Amino acid sequence: MTAEPRRLECTEVVENLYGYLDEELTAEVKAAVRAHISQCPDCFDHCQFERAFLRFLEARSRAQNAPPELKKRIFEQILLDRTRDA
Amino acid sequence: MPQTADEKRSAFEREALPHLDTVYRVALRFTGEPAKAQDLVQDTMLKAFRSWHRYETGTNVRAWLLTILRNTFINEYRKEKQRGPTVDISTAETFSLFDKVQEEDPEGRFFDQIIDDEVLQAVDDLPDEFRETLVLSDMEGMTYQEIADVTGAPVGTVKSRLFRARRALQRRLYDYAVEMGYIKRRSP
Numbered sequence: 001m002t003a004e005p006r007r008l009e010c011t012e013v014v015e016n017l018y019g020y021l022d023e024e025l026t027a028e029v030k031a032a033v034r035a036h037i038s039q040c041p042d043c044f045d046h047c048q049f050e051r052a053f054l055r056f057l058e059a060r061s062r063a064q065n066a067p068p069e070l071k072k073r074i075f076e077q078i079l080l081d082r083t084r085d086a
Numbered sequence: 087m088p089q090t091a092d093e094k095r096s097a098f099e100r101e102a103l104p105h106l107d108t109v110y111r112v113a114l115r116f117t118g119e120p121a122k123a124q125d126l127v128q129d130t131m132l133k134a135f136r137s138w139h140r141y142e143t144g145t146n147v148r149a150w151l152l153t154i155l156r157n158t159f160i161n162e163y164r165k166e167k168q169r170g171p172t173v174d175i176s177t178a179e180t181f182s183l184f185d186k187v188q189e190e191d192p193e194g195r196f197f198d199q200i201i202d203d204e205v206l207q208a209v210d211d212l213p214d215e216f217r218e219t220l221v222l223s224d225m226e227g228m229t230y231q232e233i234a235d236v237t238g239a240p241v242g243t244v245k246s247r248l249f250r251a252r253r254a255l256q257r258r259l260y261d262y263a264v265e266m267g268y269i270k271r272r273s274p
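Taken in sequence, the protein lines are chains A and B. In terms of the numbering used here, the first sequence has 39 at position 39, counting the first letter as 1, and numbering is strictly consecutive. Whatever position you read off the second sequence (first residue = 1), add 86 for the numbering used here.
Fair warning: there could be bad hints in the mix.
Stated by the list, open to error - Below, computed lysine-lysine pairings styled on DSSO-like, alpha-carbon distance capped at 30 Å:
| no. | chain 1 | residue 1 | chain 2 | residue 2 |
| --- | --- | --- | --- | --- |
| 1 | B | Lys122 | B | Lys133 |
| 2 | A | Lys72 | B | Lys122 |
| 3 | B | Lys122 | B | Lys165 |
| 4 | A | Lys72 | B | Lys245 |
| 5 | B | Lys94 | B | Lys122 |
| 6 | B | Lys165 | A | Lys72 |
| 7 | B | Lys165 | B | Lys245 |
| 8 | A | Lys71 | B | Lys122 |
| 9 | B | Lys245 | A | Lys71 |
| 10 | B | Lys133 | B | Lys94 |
| 11 | A | Lys71 | B | Lys165 |
The set of hints was computed from the structure by calculation and includes no laboratory data. No experiment lies behind these values; they were computed from the predicted model shown.
One chain only, chain A, in its complex shape (with noise of 0.2 Å):
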């Protein structure tokens, strides 16, 4: 038998947001987190809102890759370096 998950306040749901979109909650306060999402319209809106802004943010900095000259400059470098830091 499945314990019922803790009763959270809307106040504790939002302290422990970022918690659980990060997956970073232990088990017990995630299925109270879940378990008070799933019946609070105002707490899934802004569980929602916030996973938005999370992959905005993912999202604006993936296009910035290692321009190909620095790559090129560091395989030289690696290929031509005989130092060893001991």
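Position chain B against the provided structure of chain A, taking the given hints into account.
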């Protein structure tokens, strides 16, 4: 068993070089300038290559590279950085963007209207320890423990810095979105 020079080079190429884009992106956010970021990445990768014998195969190579990057930045680059932080972090905790836009745009559609440069500038303007935490988490997807390993801060500190950094960034982007007319200002 010690590796030959060729073995070392090919192991480094196979394991470390795939993380070059990550190292570069983090370097960009640390330095705020592409030219400096390139120098920092080059220094980092050379140091990593030279101390490759200290890397334990199978452990987290990305965290290992980012630790070298961070130490190199702090010891050799940070003092050159001209701009200081302009985002006030001290009152960030009490700001909630969701509360501000809940009625007008609860799905955060206005995010799509904010240009990349504005977002990245807002990130760059966070104080160092908040910026690095946010970048490692939200731009590179590292766990709290990985960030703690790279930065040397306890996990609880990582968590609280991340919370405040995200809220400070939201406040800055809210002000920008209001100024640009993407959303209406809501009084507190």
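Hints, one by one, checked against the model:
1. Under the criterion of a C-alpha separation no larger than 30 Å, the hint pairing Lys122(B) with Lys133(B) is consistent with the structure, at around 16 Å.
2. Between the alpha carbons of Lys72(A) and Lys122(B) the distance comes to roughly 17 Å, so the proposed pair stays at or under 30 Å and holds.
3. For the suggested pair Lys122(B) and Lys165(B), the alpha carbons sit about 13 Å apart, so the restraint of at most 30 Å is met.
4. Proposed proximity of Lys72(A) and Lys245(B) is contradicted: the alpha carbons are some 37 Å apart, above 30 Å.
5. Our distance criterion of 30 Å between C-alpha atoms is met by Lys94(B) and Lys122(B), whose separation comes to about 28 Å.
6. A C-alpha spacing of about 28 Å is found between Lys165(B) and Lys72(A), which places the hinted pair at or below 30 Å, so the restraint holds.
7. Taking the CA atoms of Lys165(B) and Lys245(B), the gap is about 27 Å. The hint holds against a cut of 30 Å.
8. Distance restraint check for Lys71(A) and Lys122(B): the Cα-Cα separation of roughly 15 Å lies within the 30 Å cut-off, and the hinted pair is therefore satisfied.
9. Only pairs whose Cα atoms come within 30 Å are accepted, and Lys245(B) paired with Lys71(A) is rejected, the gap being roughly 33 Å.
10. Taking the CA atoms of Lys133(B) and Lys94(B), the gap is about 14 Å. The hint holds against a cut of 30 Å.
11. The straight-line distance between the Cα atoms of Lys71(A) and Lys165(B) is roughly 26 Å, inside the 30 Å bound, and the hint therefore holds.
Going down the numbered hints, you'll see the structure goes against 4, 9, while the others check out.
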